[in-house]
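Below are the chains, spelled out letter by letter.
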Amino acid sequence: MSVALALLRRDVARMLGSSRRGATLLPLLFFIAVAMLFPFAVGPAPELLARTGGGVIWVAALLAAILPLDRLLASDVEQGFFDQLALRGVAEELVVAVRLLAHWLSFGPPLMLATLPAAALLGLDRATLRTVELGLLAGTPGLAAVGLIIAALTVGMRGGAALSGLLLIPLAVPLLVFGAGALSTGGNAGIALTGAISLLLVAIAPFAGGMAIRAAREG
Amino acid sequence: MEPARLLATDLACRRGERLLFRGLSFELQPGEALQVVGPNGTGKSSLLRILAGLLRPLSGSVDRPADIALLDERLPLDGDLPLGRALAFWERIDGGGYGVGATARPGRGPKKDGPVRRHTSGQAGGAAPPLPGAGAAAVGVRDEPLNGLDGQAAADFQGHLAAYLAGGGMAVIASHQPFDVPALKRLVLADYAV
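Each protein sequence line maps, in turn, to chains A and B.
Be aware that the first sequence starts at 1, since it is given in our numbering, and climbs by one per residue.
Be aware that the second sequence starts at 1, since it is given in our numbering, and climbs by one per residue.
Treat the hints as calculated values from the structure; they're not laboratory data.
No incorrect hints appear here.
Now the stretches of chain B that chain A is said to cover, found in silico as 3 or more residues with beta-carbon under 8 Å:
{"no.": "1", "segment": "51–59"}
{"no.": "2", "segment": "64–78"}
{"no.": "3", "segment": "84–93"}
By construction, the Cβ of each residue, glycine as well, lies at the ideal position given by its N, Cα and C atoms.
All chains, full assembly: derive it from the sequences and hints.
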């Protein structure tokens with residue numbers, strides 16, 4: 001338990017620490033920039049923005065999830081963090097599970113906060129905003145888990161950063177379909193399905209990530 | 001309890017398409033050290049990783065104590081943090097202090113403040129010898145420990161090593177440089193090349 005706490009402390013400090021704050025803020029600025037640019041591109045018609053705005057926020061969230069992937073695991077594997085932890089009998093699965101929590105903390109809640117100004121820029125009504133926020137709450141853990149699995153799989157590869165972006169998009173489609181789909185159906189069923197997919201991905205991620213990191217060590 | 005020892009039996013290692021060595025066996029008792037020598041690319045680092053349990057050998061087996069530490073050229077320290085805080089993470093994991101202040105000498109030793117990445121390899125390496133919990137581990141496995149250290153730091157390191165061996169530790173060292181510690185065995189990797 002104390003090992004998990006020490007890991008979490010380091011991961012959160014690394015993601016929110018002063019030297020890395022810029023890198024953590026970048027996806028948020030990217031996210032808000034998309035919401036800001038969209039009305040310029042399609043025109044300011046309020047009914048059009050209100051109808052498409054929720055979907056735009058989802059797409060922006062998905063693309064913003066790509067940005068932090070290259071730093072998520074690669075530098076730690078190169079520097080031998082995982083090797084040293086393995087020598088101390090700390091399972092890769094635990095390290096990856098803690099990393100998943102830290103990654104979501106640095107990415108999910110900030111994105112949900114940034115959705116408030118984004119929704120204002122797109123002129124979303126209150127009910128739509130609620131659906132988007134609940135959808136993001138259900139969907140961002142899944143996005144974080146997919147991102148972490150991909151980061152672990154591409155950890156030993158040259159050019160892995162570019163590849164991970166391409167891999168995330170198809171794998172995140174189910175989250176997008178149900179999360180953004182909840183906007184058009186207006187029901188909670190879509191959000192529930194998004195949450196179910198998220199839970200599945202979160203459950204798989206530590207094991208898939210741990211296996212991928214061990215495989216990279218042998219390679 | 002079974003007495004601690006490091007026993008390698010008939011090890012073979014393949015990296016990619018190349019068979020690096022085969023038929024490699026040795027035994028280390030507490031207090032003994034083994035220096036692995038051989039030209040670059042003969043598998044010294046791979047052998048150390050096999051001994052530490054990070055790499056599976058192609059064949060053969062290693063019987064090792066539960067406590068084993070590996071130190072290679074990669075320092076698992078966060079480059080953006082001051083050295084003291086970067087080490088504090090490992091102190092929390094290992095549940096003990098490394099005493100950086102004790103190895104730091106005025107003028108040239110590692111400073112606790114200032115980001116790790118601004119240290120030279122010698123300064124950061126000066127902090128490294130205690131890093132993998134060598135005080136507690138039964139076996140210390142080290143890859144080129146003297147790289148980047150000046151004469152005084154290298155002598156200090158050998159002093160630490162001798163004290164560690166005297167305390168019943170075992171050490172496996174891959175280095176091109178000569179070592180001056182008691183009970184040092186040599187393993188010439190070229191003898192096991194294919």
